[in-house]
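Its first residue numbered 81, the sequence shown is counted upward by one per residue in this note's numbering.
These aren't lab readings, by the way, just hints derived from the structure by calculation.
Because the structure is a prediction, the values reported are computed rather than measured.
Take the hints with a grain of salt, since some may be wrong.
[What the hints assert, rightly or not] Cβ pair distances, simulated, as ranges:
| id | residue 1 | residue 2 | range |
| --- | --- | --- | --- |
| 1 | Ile318 | Arg106 | 48 to 54 Å |
| 2 | Ser266 | Ser136 | 29 to 35 Å |
| 3 | Val187 | Arg106 | 34 to 40 Å |
| 4 | Arg106 | Val307 | 41 to 47 Å |
| 5 | Val307 | Leu212 | 51 to 57 Å |
| 6 | Ala161 | Ala249 | 51 to 57 Å |
| 7 | Ser136 | Ala306 | 28 to 34 Å |
| 8 | Met180 | Glu273 | 39 to 45 Å |
| 9 | Thr159 | Thr253 | 33 to 39 Å |
| 10 | Phe234 | Leu110 | 35 to 41 Å |
Where is the CB? At the ideal position from N, CA and C, for every residue including glycine.
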Amino acid sequence: MTVKAMDMSGLGGHRTHRDLAGLWRRALLLWGVFALAASLAMAPTLAAMVTVWWNSATFNHGLLIPFIIAWLVWDRRKTLAQVRPGLYPLGLIPMAGALMLWLLGRVGDVQMVQQFGWVFLMQFSVLTLLGLAATRALLFPLGYMLFLVPFGEFLIPPLQHFTAQFIVAGLQTLDIPVFLEDVFLSTPSGDFEVAQACSGVRFLIATLALGVLFANISFKSWRRRAVVVALAVIVPIIANGLRAFGIVYIAYLTDNE
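Using the sequences and the hints, build the whole thing.
As structure tokens, then:
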């Protein structure tokens, strides 16, 4: 009697696992069809995004983000295998909002708005078609999708000014005369400009993407994760300031030769 009960329990567990696998196949097929159809309909948006990744040194890291997301999802496969996927109709509301955002970007011809619209649509489609439990398991990979969007160029002017002020502070500490106007510096050895390429935005965005990933993989504590992300913002800004200061200081020591 005990043996039979154990056998029946084993069969029940196997059947449950098989049922979940079947549910996942159907759910992933449904989501895959939707994601493919939506992406084809928004193909110009995706093409513009990939073009920026390929052509802009600031956003070259974007070429790696899809592979990182795929790995993050794969890494959670055992957790997902224990989750029952299902439809979540309330997810249609944020999906509609994401679609509206994309349409507004399309009408206004603002690529960044369109790209965020597509990313939000993909994120909320997971919620709608795979359910709340699956979305919780995939929360970080879904959030990491935001790094797909080439975003952050608005930081260039403030970073230029910070770098210029950093150089001035360093030179004044060493009693080197310097005059600053906007992002232009004058020293006894010559004139310098903190150009957009010297703002450090490229280093900042790439380091932030890496820092967020490292924080999630390496730490469970939200406090430690926050510290890592904060360092991923602070360190590249300071490092870029030191680099720019070093260039100007060496030029001063060598009389700009």
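Inset, instruction - Find the hints from earlier in the document that the structure breaks and name them by number, from lowest to highest. - result: Hints 5 and 9 are the ones this structure does not satisfy, whereas the remaining hints hold.
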